[in-house]
Amino acid sequence: MLVFAISDKGGTGRSVTSSNIVYRRALQGQDVCYLDFDFGSPTVGAIFRVSGAARGTLKGGLHRYLEGEIAEPTRIDVWVESDRDALRSKPPGAGQMVLFPGDEGGAEFPTFEGEMVERCVRLFAKLQEQFDLVMVDLSAGRSHAALLALAATARLPKIPCRWLVFHRWTRQHILAADGLVTGTHGLLDAGEAHGHHRALLADRIRFVRTAVLDPGAAELDGLRDTQKTWLSEFDRELRELASRHGVGRTSMLGKVPLDPVLQWREQLITDEDVQGTMIANVETVVAFDELAKKIVDDAAWEGL
Amino acid sequence: MLIMGEVRTGLLQNSAEVPESDLSSVLGLLAGERVRISRRPILHALSPDLLTGVDCLLPSAAQAKIRGVGTVVSRCSITGGRVVQSSSYVRVTKAETGHRLPWSHYLARPGVIEVLGKAAAADLADGFLAFGLPGEHLDVGSISDRLMDTVQAAESLDRASPFRSTQTRLRWVAASGEPGVRFVLGEGVERRVRITYEGEFSTAVLDLCEDLALHDWLLTTLLVIVERARIGAAPRAEVSARLAPAVDALLHLWMPGARIHPSLAPLWESLELAPGFTRQWQSLVERVRDQFAVNTLALLLRETNPV
Amino acid sequence: MTTFSEVTAERQIKSAPLSHVSVEVGHLYLEDYQLGADRLREQFALVTPWLETVRRDWRARVPGGRARVSTCFLIDDCFGRFSTPAEVVPMIRKAADDNGLTIDYLARESACVSADGVPLAKLVADRLVPDPPPDTRGWRRSTSETGWLANGVRSPMPRSGQAMRGPLRWEPPSQNAKRGHSIFVDVELWKDGPDGRVWSCPFLASVWQLLRLGLLRNEGELPVQPVSAGDAFPADWDELPPVVRLNPAATPFSAYTTMSVLSTRFLQVELAVRTILSQVSVDPEVLGQVQERSADERLRLAEQLVDRVSYVFL
Ligand SMILES: Nc1ncnc2c1ncn2[C@@H]1O[C@H](COP(=O)(O)OP(=O)(O)OP(=O)(O)O)[C@@H](O)[C@H]1O
Ligand SMILES: [Mg+2]
Numbered sequence: 001m002l003v004f005a006i007s008d009k010g011g012t013g014r015s016v017t018s019s020n021i022v023y024r025r026a027l028q029g030q031d032v033c034y035l036d037f038d039f040g041s042p043t044v045g046a047i048f049r050v051s052g053a054a055r056g057t058l059k060g061g062l063h064r065y066l067e068g069e070i071a072e073p074t075r076i077d078v079w080v081e082s083d084r085d086a087l088r089s090k091p092p093g094a095g096q097m098v099l100f101p102g103d104e105g106g107a108e109f110p111t112f113e114g115e116m117v118e119r120c121v122r123l124f125a126k127l128q129e130q131f132d133l134v135m136v137d138l139s140a141g142r143s144h145a146a147l148l149a150l151a152a153t154a155r156l157p158k159i160p161c162r163w164l165v166f167h168r169w170t171r172q173h174i175l176a177a178d179g180l181v182t183g184t185h186g187l188l189d190a191g192e193a194h195g196h197h198r199a200l201l202a203d204r205i206r207f208v209r210t211a212v213l214d215p216g217a218a219e220l221d222g223l224r225d226t227q228k229t230w231l232s233e234f235d236r237e238l239r240e241l242a243s244r245h246g247v248g249r250t251s252m253l254g255k256v257p258l259d260p261v262l263q264w265r266e267q268l269i270t271d272e273d274v275q276g277t278m279i280a281n282v283e284t285v286v287a288f289d290e291l292a293k294k295i296v297d298d299a300a301w302e303g304l
Numbered sequence: 001m002l003i004m005g006e007v008r009t010g011l012l013q014n015s016a017e018v019p020e021s022d023l024s025s026v027l028g029l030l031a032g033e034r035v036r037i038s039r040r041p042i043l044h045a046l047s048p049d050l051l052t053g054v055d056c057l058l059p060s061a062a063q064a065k066i067r068g069v070g071t072v073v074s075r076c077s078i079t080g081g082r083v084v085q086s087s088s089y090v091r092v093t094k095a096e097t098g099h100r101l102p103w104s105h106y107l108a109r110p111g112v113i114e115v116l117g118k119a120a121a122a123d124l125a126d127g128f129l130a131f132g133l134p135g136e137h138l139d140v141g142s143i144s145d146r147l148m149d150t151v152q153a154a155e156s157l158d159r160a161s162p163f164r165s166t167q168t169r170l171r172w173v174a175a176s177g178e179p180g181v182r183f184v185l186g187e188g189v190e191r192r193v194r195i196t197y198e199g200e201f202s203t204a205v206l207d208l209c210e211d212l213a214l215h216d217w218l219l220t221t222l223l224v225i226v227e228r229a230r231i232g233a234a235p236r237a238e239v240s241a242r243l244a245p246a247v248d249a250l251l252h253l254w255m256p257g258a259r260i261h262p263s264l265a266p267l268w269e270s271l272e273l274a275p276g277f278t279r280q281w282q283s284l285v286e287r288v289r290d291q292f293a294v295n296t297l298a299l300l301l302r303e304t305n306p307v
Numbered sequence: 001m002t003t004f005s006e007v008t009a010e011r012q013i014k015s016a017p018l019s020h021v022s023v024e025v026g027h028l029y030l031e032d033y034q035l036g037a038d039r040l041r042e043q044f045a046l047v048t049p050w051l052e053t054v055r056r057d058w059r060a061r062v063p064g065g066r067a068r069v070s071t072c073f074l075i076d077d078c079f080g081r082f083s084t085p086a087e088v089v090p091m092i093r094k095a096a097d098d099n100g101l102t103i104d105y106l107a108r109e110s111a112c113v114s115a116d117g118v119p120l121a122k123l124v125a126d127r128l129v130p131d132p133p134p135d136t137r138g139w140r141r142s143t144s145e146t147g148w149l150a151n152g153v154r155s156p157m158p159r160s161g162q163a164m165r166g167p168l169r170w171e172p173p174s175q176n177a178k179r180g181h182s183i184f185v186d187v188e189l190w191k192d193g194p195d196g197r198v199w200s201c202p203f204l205a206s207v208w209q210l211l212r213l214g215l216l217r218n219e220g221e222l223p224v225q226p227v228s229a230g231d232a233f234p235a236d237w238d239e240l241p242p243v244v245r246l247n248p249a250a251t252p253f254s255a256y257t258t259m260s261v262l263s264t265r266f267l268q269v270e271l272a273v274r275t276i277l278s279q280v281s282v283d284p285e286v287l288g289q290v291q292e293r294s295a296d297e298r299l300r301l302a303e304q305l306v307d308r309v310s311y312v313f314l
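Protein chains in written order, with this note's numbering: chain A, 1 to 304; chain B, 1 to 307; chain C, 1 to 314.
Chain A on its own, in the form it takes in the complex (with noise of 0.2 Å):
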């Protein structure tokens, strides 16, 4: 299956929340690979902690791939290449876990020709054959990489391929979101003018709420009584706007707490991290195991 990971705004958690999909996806005994679609500042290798592709490779990745200059992108075993520890060895029963890093300094496409759909075609359905879950990060907003997106999977109507709406729980966020999608331009313009079927593309979306503050969280005690009340009357309100923009509940497929780990570092969050030093939260964990089930599964997915 593919999944795209999409967001209107720059910084909402994207990257960060669906590497850790994926991570949990392959905990869960999955094959999974990561695709840095992100041409704009190809640097998911720091999440999974890949000093090799931090900042994108060198030895060939998504940019040049899709230009037409090598034949396979480069590939990144992550329990192999791995600088962390607690991801350098497969625990039994886990699934493969590879990234495919963009190019060291390579940047946004400004646009996209015939050639290019037919290499992402041909490099989704090889990885399809390959991967239960294949997760491809796009950049923020309407970029070419969404068109590129777009396109590929218009032709490939036989892949299943959903796609997730990342957004802050802040009445611009919510705004945006529902922009990204129903706007003008938006995925389902855009899928629309690629060959998609609008209704169909538009059941294949979800959204999913990042760095959420719970008000009635352990951590807000320390509040005073009119923050909190504050707190819940606008969070009230933020659920009421959702609704009204189509991204409320049925059409959320999760939502991601505040965690102070990611908060302070862009990373994967291990059960080590839980149990062992308990730096992070084990609610924030369960959410994204709780993703990681989700996005497979068909009845969290049947039409709105």
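Just so you know, these hints were derived from the structure itself, not from any lab.
Treat the hints with caution; some may be incorrect.
As the list claims (entries may be wrong) - Okay, the calculated bits of chain B under chain A, using three or more residues with CB under 8 Å as the criterion:
id : stretch
1  : 9-20
2  : 137-145
3  : 149-161
4  : 164-173
5  : 227-234
As the structure is a computational prediction, the values presented were derived from the model and not from experiment.
For every residue, glycine included, the Cβ atom is placed at its ideal position computed from N, Cα and C.
Got chain A sorted already, so can you dock chains B and C with the ligands onto it with the hints?
Structure of chains B and C with the ligands alone, referenced to chain A:
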């Protein structure tokens, strides 16, 4: 003269076994040429040969600049309606002149690459088997790869294979000499084979390489499935569920040497002694079958002694 | 020793009967037809001496002077249809007779698209193996996807490269087999439209040459078999066989070599034809058959296919 080639092997992207009636359309890559189908001892379909022109540096272990011009032959096959192989190879010979000739000269010699200048067969063979960085030298793999993609994209395939699997890449070199074969298992998906054969080169050598690649892939794939099933660690029913697709799709495909010319059969037999493909396969298959037997037994016991 | 073989797993290739040379004495387009029978007579008058030269030449080359020369005439029924065979064929025959010229075979151009259910154009398109420019290492985007075939490297297009990368300067195209300077040729082979694929005139002309050279096979069989005609011709082009034998005493339609007598306005088309023919891969077994037959007759054929194809431009 040196012959070198690469075979890519993978699972055909279809939920069910592809029936004989569909094989001709899936492998019909050349109008006016029949897909060759044989039914004994296993359903096997072979596409017509395709040609690709190349003019580039050949791989060299000594990093020598060796230019070759000619055509690469490729073909694709499907075994048991399940496993797809795409295979490309060239015969490297010395050119009679030091410069490139009109293209029709090479077209009249399908599958031959002529070396302009000096080249040592051993150096070429070592360079080729080193799986160097792509993009610098002759890349027969990219041709096989492309062909594989074309076949997997066939209209009649639903792209919903019963399990995920990885393609293997087997590179081989062959030269005439005292008959022998060496098989080296690489780290990831890479395999290396060196063959020496008696007499003239014929496609029987290619058949042998494809048969080796097929069985190596079956073994590799079953090993991964068995490892993932976590026999002993996961609940029995879960283990059986994970093993089931392999049982349905793969177990009956094991037929080493089935389509090999009798003159090359001893080579297969030597590989059966060491590393012993069939021995390993059989022990794996027994493990899989035992799991099913134990699981069935457990189910039966539960039925007869309900708790 | 036991043997076991399965028929579907084997491959058999028929061989074609061959003349020494196939001479195309004309090619009729709608425009020519509109100019009437006189125009045809003029054309045949110009062709006759050349045909005589070819005959003489071959008589001198083959032992005993028994040259097998067959003549053919092609009617264009692809790019605009006109009149009916019942009317046109007798007119052509008459115009030829008036010049003492015998037309042995008559073909319709649509036969080069598909004849008797065999998709000849597709068959040839699938056998194109483009001449690789230096530094072609493996697979590259091929003719089958673009519908164009060149004799070298095209002028590079400014790529839709990544942002913040400078534009590329114009660079010239170059011919692979150039002698100092290039003559770059890029041929459009077909166009895909709403009504399917439309093959270009040079592409069909290449199929026509290959047919005349007897080098095409469909599943091992000879694709187009000339059909003998009586004196009556159908009222519909579709009912006319792809290749009709007008002269019962004619030597075989296909030949070791071809010669076409054409108007100079076909020069460009034929340059394109040669560009295509030099990149078609013919079944080595078929080439071998032709080679053996010619050796038996103690003839030396040019190694390159394009060198077996010659012209007189008038
Ligand atoms: N659940 C979370 N709790 C706290 N901080 C988070 C959480 N998720 C992500 N973050 C942090 O938010 C910041 C942005 O995250 P990330 O880089 O994943 O966003 P992005 O949408 O991929 O951004 P860009 O558009 O720049 O690629 C990072 O510092 C990250 O660690
Ligand atoms: Mg990011």
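Point to revise | Violations among the numbered hints, reported as their numbers in ascending order | key: none
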